[in-house]
Amino acid sequence: MDILLTLVTGVLVAGASYLMMAGTLVRFLLGLVLISNAVNLIIFVSGRLTYAGPPLIDSASKTVAEGAANSLPQALILTAIVIGFGLFAFTLALSLRAYSQLGTDAADEMREAEPEDRT
Amino acid sequence: MTLLISPIAIPLLTATLCLLLRDSRAAMRVVSLLGTFALAYAGALLYLNVETAGPISAQMGGWDGPFGITLVADLLSATLVMLTGLVGLFVVIFGYSDLTFGEERNGHMVFAQVLLAGVCGAFLAGDLFNLYVWFEVMLIASFGLLVVGGKSIQIDGAVKYVGLNLIATTAMLAGIGLIYGASGGLNLAHLHQLLDGRSGEPAVLMAAALLLFAFATKSAMFPLFFWLPAAYHTPSHTTSTLFAALLTKVGVYTLLRVFTLVFDLQHPLIQSLLWVSGVLTLAVGVFGAIHEVQARRVLAFLVMVSIGIMTLGMAAGDVAALKGTLLYLMQTLIVTAALFMAVGCVAYLSGTERLDEMGGLWRSHPVVGGLFVLVMLGVAGIPPTSGFWPKVVLIDAFASEQHWGLVIAVALGSLGTLYAVMRLFSAAFWQEPKAPLPGLMLDFNRAAPMTALAVLVVGLGVSAEFLIQVADSASASLMDPKLYVERVLGARE
Chain B
1 MDILLTLVTG
11 VLVAGASYLM
21 MAGTLVRFLL
31 GLVLISNAVN
41 LIIFVSGRLT
51 YAGPPLIDSA
61 SKTVAEGAAN
71 SLPQALILTA
81 IVIGFGLFAF
91 TLALSLRAYS
101 QLGTDAADEM
111 REAEPEDRT
Chain W
1 MTLLISPIAI
11 PLLTATLCLL
21 LRDSRAAMRV
31 VSLLGTFALA
41 YAGALLYLNV
51 ETAGPISAQM
61 GGWDGPFGIT
71 LVADLLSATL
81 VMLTGLVGLF
91 VVIFGYSDLT
101 FGEERNGHMV
111 FAQVLLAGVC
121 GAFLAGDLFN
131 LYVWFEVMLI
141 ASFGLLVVGG
151 KSIQIDGAVK
161 YVGLNLIATT
171 AMLAGIGLIY
181 GASGGLNLAH
191 LHQLLDGRSG
201 EPAVLMAAAL
211 LLFAFATKSA
221 MFPLFFWLPA
231 AYHTPSHTTS
241 TLFAALLTKV
251 GVYTLLRVFT
261 LVFDLQHPLI
271 QSLLWVSGVL
281 TLAVGVFGAI
291 HEVQARRVLA
301 FLVMVSIGIM
311 TLGMAAGDVA
321 ALKGTLLYLM
331 QTLIVTAALF
341 MAVGCVAYLS
351 GTERLDEMGG
361 LWRSHPVVGG
371 LFVLVMLGVA
381 GIPPTSGFWP
391 KVVLIDAFAS
401 EQHWGLVIAV
411 ALGSLGTLYA
421 VMRLFSAAFW
431 QEPKAPLPGL
441 MLDFNRAAPM
451 TALAVLVVGL
461 GVSAEFLIQV
471 ADSASASLMD
481 PKLYVERVLG
491 ARE
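If you read the sequences in order, they're chains B and W.
Position 109 of the first sequence, counted from 1, bears residue number 109 in our numbering, the numbering being contiguous throughout.
Position 435 of the second sequence, counted from 1, bears residue number 435 in our numbering, the numbering being contiguous throughout.
Everything labelled a hint here was simulated from the structure, so no lab data went into it.
Among the hints, erroneous ones may be present.
To be verified - Listed next, with one range per pair, are the computed distances between beta-carbon atoms:
no., chain 1, residue 1, chain 2, residue 2, range
1, W, Glu486, B, Ala107, 44 to 54 Å
2, B, Ala52, W, Asp480, 33 to 43 Å
3, B, Gly86, W, Pro383, 43 to 53 Å
4, B, Ala60, W, Ile5, 28 to 38 Å
5, B, Tyr51, W, Gly184, 14 to 24 Å
6, B, Leu7, W, Arg25, 54 to 64 Å
Each residue gets a CB set at the ideal place from its N, CA and C atoms; glycine is no exception.
Just chain B, with the same shape it has in the complex:
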């Protein structure tokens, strides 16, 4: 299972890199979604994949029962998903604004901030 997930991560990162280097904003965004999922998988595998009970704490004790799953990676991934979603929403809005205001979605053609002709 670890091997399979590692391979999936590799494929996701490869696809994401290809999309992100394509030079247009929409593909960059799609690449960003893929790569953040790849990173979530990295955290997931880092937490070790085990068959274990749900990490629930009964009201009498303060820690999880013996043999429960590691809940920390889940918490980390959840946080990362929430943050990633927020950033993705912002970037999507920014891309739309850039496209309507600058008239292009190719990063190379956006030369307002760094004009090629300095004079």
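Dock chain W against the given chain B, drawing on the hints supplied.
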């Protein structure tokens, strides 16, 4: 506990209040001034406390370290929080005159406060994932600040800034995942114990590489700097000042913190990377600053020069070089803010930011010129300003370890910086203006913070013992973090 939470809670609270009061410009201004003042005050209290009692830590959420969310302040982070509050205060006042109505209405002050919270959070974070969260807080606030004006040039700059920074945070998260997989911990002090003697393992080195990539992007090191000169000249001067003073410095701070506490800064692979990257950052910064004709783009490259010098200090990696690096880090926060603010004033008075269109300000504004010279000396590192001492300490440290290449690099870098700022000065003040000047005078809101920062630049140079002592004990505790670890994890026993 309160001491550690307040530098994060105060700006977040101020941001919330600003958001609620966004219909009244005056109310927003008063609230953000009071909030930033409170932040500077809280930072000073934190500094005084840490200076006498040593590092302090607190565990959030009722879980003891290393499992709880740790906030920790040692001398370095406390001093940086204090300086952040101080710079924030000056920037808020400067913004009163510099910001347009639209920018204030669209929430500049809200984002600025969130940015301050993110910066202070990153300085105080005691575990890696918490650090990541504060980085994201900082990042989203800086996105907002960049686009709040809505001009085409700002949108363009923001696209590049956002894209490259998102790649960096993704790499950071992947690195954090790997380090968790390799060690089972995330708390910095805990990782220090877990990874003791394991710094050469492939998994650890891989995580180190990803985090180095992330922090190097944040601090705009070669070859990951492209977002900085693409974006720093596009927003309002207020925003540029805030970014230039704080953002890259957070990158350098986290690099120093994580690579002394968790990884081994003196690992030959990391050393050689920093060596090459430092020299090239310095070179790109100097040549860019000499080549550019737009005032704030010159400054953007000058920020890179300072990053290059600090990278070289980290590349040497011994205690004396780290002392110089920390000293440079603390004073460059003030000097960079002063420089960006001074150029903001000059651009306002000349009505343009292009060097070839400026000129003639010496005749009409000799006082501004005098202050500009002080700031300029601070950037180039010439006595009696604060920029002088870190270079002395660094060059002394390099020379005693016979790193002659680094000595030459820093010396040439300083020379190039001096040339770049002189070019800026002579363009703005001495050359004949192409068009008649707009005939404006500096108002209090612009003049006061700029003067205060220029005085600080000289003051921290004349009475340099203050920062030198901080750098001395902070670098010693970076290299030997026993007390830090004890204060974080020992809270249990």
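These are the hints, each one checked on the structure:
1. W:Glu486 with B:Ala107: 44 to 54 Å: 49 Å, holds
2. B:Ala52 with W:Asp480: 33 to 43 Å: 40 Å, holds
3. B:Gly86 with W:Pro383: 43 to 53 Å: About 47 Å separates the Cβ atoms of Gly86 (chain B) and Pro383 (chain W), which means 43 to 53 Å holds.
4. B:Ala60 with W:Ile5: 28 to 38 Å: Cβ of Ala60 (chain B) to Cβ of Ile5 (chain W): about 31 Å, so the range 28 to 38 Å holds.
5. B:Tyr51 with W:Gly184: 14 to 24 Å: Cβ of Tyr51 (chain B) to Cβ of Gly184 (chain W): about 19 Å, so the range 14 to 24 Å holds.
6. B:Leu7 with W:Arg25: 54 to 64 Å: About 56 Å separates the Cβ atoms of Leu7 (chain B) and Arg25 (chain W), which means 54 to 64 Å holds.
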